[in-house]
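Peer 1: From first to last, the protein sequence lines stand for chains C and X. At position 199 of the first sequence the residue is numbered 199 (this note's numbering), and the sequence of numbers has no breaks. At position 312 of the second sequence the residue is numbered 555 (this note's numbering), and the sequence of numbers has no breaks.
Bear in mind the hints are in silico, worked out from the structure with no lab data behind them. Quantities reported herein were computed from a predicted structural model and do not represent experimental measurements. Just so you know, even glycine gets a beta-carbon here, dropped at the ideal spot from N, CA and C. Hints may contain errors.
[Stated by the list, open to error] Simulated restraints, written as ranges between beta carbons of each label pair:
| hint | chain 1 | residue 1 | chain 2 | residue 2 | range |
| --- | --- | --- | --- | --- | --- |
| 1 | C | Val-234 | X | Asp-543 | 33 to 41 Å |
| 2 | X | Val-595 | C | Tyr-167 | 32 to 40 Å |
| 3 | C | Ser-188 | X | Leu-290 | 33 to 41 Å |
[What the hints assert, rightly or not] DSS-like cross-link-like pairs, simulated, lysine-lysine; straight-line CA separation at most 27 Å:
| hint | chain 1 | residue 1 | chain 2 | residue 2 |
| --- | --- | --- | --- | --- |
| 4 | X | Lys-292 | C | Lys-55 |
| 5 | X | Lys-419 | X | Lys-603 |
| 6 | X | Lys-414 | X | Lys-481 |
| 7 | X | Lys-500 | X | Lys-469 |
| 8 | C | Lys-15 | X | Lys-248 |
| 9 | X | Lys-292 | C | Lys-204 |
| 10 | X | Lys-248 | X | Lys-261 |
| 11 | C | Lys-204 | C | Lys-118 |
| 12 | X | Lys-271 | X | Lys-245 |
| 13 | X | Lys-511 | C | Lys-55 |
| 14 | C | Lys-204 | X | Lys-271 |
| 15 | X | Lys-469 | X | Lys-481 |
| 16 | X | Lys-511 | X | Lys-500 |
| 17 | C | Lys-204 | C | Lys-15 |
| 18 | C | Lys-110 | C | Lys-100 |
| 19 | X | Lys-481 | X | Lys-577 |
| 20 | X | Lys-577 | X | Lys-414 |
| 21 | C | Lys-204 | X | Lys-523 |
| 22 | X | Lys-481 | X | Lys-523 |
| 23 | C | Lys-55 | X | Lys-577 |
| 24 | X | Lys-261 | X | Lys-481 |
| 25 | X | Lys-577 | X | Lys-261 |
| 26 | X | Lys-523 | X | Lys-359 |
| 27 | X | Lys-500 | C | Lys-15 |
| 28 | X | Lys-292 | X | Lys-261 |
| 29 | X | Lys-248 | X | Lys-271 |
| 30 | C | Lys-15 | X | Lys-261 |
| 31 | X | Lys-580 | C | Lys-204 |
| 32 | C | Lys-118 | C | Lys-29 |
| 33 | X | Lys-261 | X | Lys-580 |
| 34 | C | Lys-29 | C | Lys-55 |
| 35 | C | Lys-100 | C | Lys-118 |
| 36 | X | Lys-261 | X | Lys-511 |
| 37 | C | Lys-55 | C | Lys-118 |
| 38 | C | Lys-15 | X | Lys-292 |
| 39 | X | Lys-271 | C | Lys-15 |
Spelled out, the chains give:
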Amino acid sequence: MTDLLNEKLRLLTEKYGVEPGRISGSAGKWFVEAAAGGRSVLLPHRVERRFQELKNIVNNGTLEELSTLRFANMSAGGDVRLALEREIDLAAWLAGSPVKSAFATADGGKRTVNALFKLVSGVSVCIECSNLLPAGRPVMDRHEIIAARGVASDRVVDTQVPQSSIYLIADGAAAEYTDVDSELFGLSEFEVTVVRAAFALLVKPELAGEWNRAAGRAAQVAAACLESVVAQRVVEFEEEVTK
Amino acid sequence: MKPLKIAMMSLTHGHTRKYYQTLRDNRKLDWVASCAEDLHAREVYELYKTGVPCYLSAEEMFAAHPDIEAVVLASANDRHMEQVRFCAGRGIHILSMKIPTFDMAEYDEMIRLCDKAGIVCQVELEMHYNPVVLRLRRLIEEGVLGRILSIQATNITLSPVWAFPWQGDPKASYGKVVPLRAGDSRFRGGALCDHPHIFDLIRWLTGSDFESVYAEVAPNLRSDLKVEDMMLVNGRMKNGVSFLFDPSWSRMEERLKVPAPGWEVFPKRMEVNLTVVGEKGVIACDCFGPNVYHNGAPNDRYTVQYTYFDEWIGLIDEFVDCIRNHRQPQINLKWHKHTIEAMNACYDSVAVNRLCAVPKA
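Kindly produce the complete structure, drawing on both the sequences and the hints.
Peer 2: As structure tokens, then:
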């Protein structure tokens with residue numbers, strides 16, 4: 001898989017005249033190393049189109065006075081902690097505010113976690129994560145941003161599950177496809193985000209520091225959050241400015 | 244490869260603003276100038292702060308930038324013939340908007356002029372570079388549906404006439420003033436002229452050409468328009484595939500002078516959906532979805548915020564490649580002619596209220 005991602009990254013860097021780099025990683029942790037050196041963590045969700053548009057909606061004043069973020073992430077297997085890290089970073093990034101406190105409950109095996117967060121800005125966040133979908137099922141996630149003026153979401157009203165661009169219903173076969181990037185046609189939605197994230201860092205190397213700090217912060221919050229399951233008390237974090 | 248010196252002309256077409264980012268980002272291009280149809284078009288252009296100089300006449304622009312190699316003709320349909328002649332005479336390559344002309348004599352003259360000049364003339368049908376369409380075509384080619392029996396498609400939008408008035412002007416849009424039919428106060432030049440994509444896609448997806456069409460217009464949703472805004476088309480391809488198309492302006496809009504947030508009244512302002520039925524099953528396809536959704540400013544209405552509009556990247560890539568490597572684009576004037584003939588046949592069908600044959604490709 002990594003070879004294919006690097007092939008696609010090479011096509012982009014050559015096409016747009018950007019210094020080359022190499023993607024590495026797996027299982028939810030991805031990195032890019034520029035030819036000039038320096039390995040940076042990737043935050044693929046930050047370049048995903050739906051989240052970029054949600055970020056635009058927050059930043060350009062379409063929503064006014066954020067109140068609450070309601071996020072969900074259900075997967076087939078996988079590390080719940082990594083999923084939690086992703087959702088925590090998304091919440092802090094979309095709302096433009098770091099996490100101030102967290103409280104979580106979970107099952108004994110931590111296969112399902114329900115967490116409440118307070119951001120420094122005062123915004124509340126709830127995140128539900130689990131990894132108990134049957135094998136082979138795609139991730140089901142949902143991101144809803146509630147403000148005094150307006151609600152924004154990546155899920156259309158009156159639907160509970162992600163939609164697709166194409167539904168194939170044929171003899172003995174049913175399949176769904178969502179293709180979002182002609183330049184990277186052939187990659188899955190997730191693979192596209194990994195390549196785009198690597199490309200974004202190669203185009204704008206100064207982003208690396210921000211992403212490294214954000215990833216570290218999200219990991220710290222997720223770890224403390226899971227520890228709070230045992231202690232059953234609210235965890236407070238020191239304030240830190242996120243961009 | 245040496246960057247292609249490119250310019251934009253007129254700046255009155257609804258797609259004008261969609262080129263700006265691609266023209267700036269693509270390293271194969273050097274966007275050197277623009278010329279506006281009039282002062283208003285230049286004022287709107289300046290809102291986008293492209294940093295590219297804008298002139299008020301093509302002659303002035305070419306005098307200042309004699310190295311221009313290609314242009315995007317972002318103009319009203321009735322300006323295309325004159326502009327193609329102007330560019331062909333100077334050996335300038337052309338990226339034409341989706342309707343070169345509805346006048347088939349003019350159309351043949353455009354072909355002749357471009358052939359004589361040895362220039363590339365690519366027609367802007369951006370759906371060919373849409374990733375969902377690429378997937379749909381691949382699935383059909385892989386035979387997952389078996390033999391295709393029918394295709395139903397929508398190309399429905401809000402009406403852009405308030406921001407782009409020429410699209411509501413029969414002469415500027417259709418090229419001449421032709422009543423829809425006897426006893427009808429409306430004229431050709433409305434929603435159908437804005438929506439060639441599904442007529443084009445069915446040819447690409449089936450590999451077949453049009454045999455016949457039957458079209459009906461409904462009462463207008465906008466009673467003050469001179470042109471049709473609601474149309475339905477039924478027909479058959481030469482290979483037997485039957486089709487049903489909706490190329491209407493069936494989504495209402497705020498009457499903005501410049502496209503901006505809050506333009507749409509219906510949540511999704513533009514849709515290209517296809518249902519393909521084959522002997523083994525069905526594919527339902529939304530070329531512009533899923534997206535994200537909100538009910539925030541400016542109108543607090545439930546609104547689709549699109550997440551994908553990158554067709555212009557592939558389109559421009561092909562245009563540059565064709566010029567530099569002396570190739571013909573997939574959507575060239577000759578190929579596209581039959582699509583325009585089918586659209587004209589729709590208007591003929593409305594006029595005579597019966598099935599009309601489409602001239603052979």
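Peer 1: Okay, which hints does this one fail, numbers in order?
Peer 2: 6, 11, 15, 21, 23, 24, 26, 27, 31
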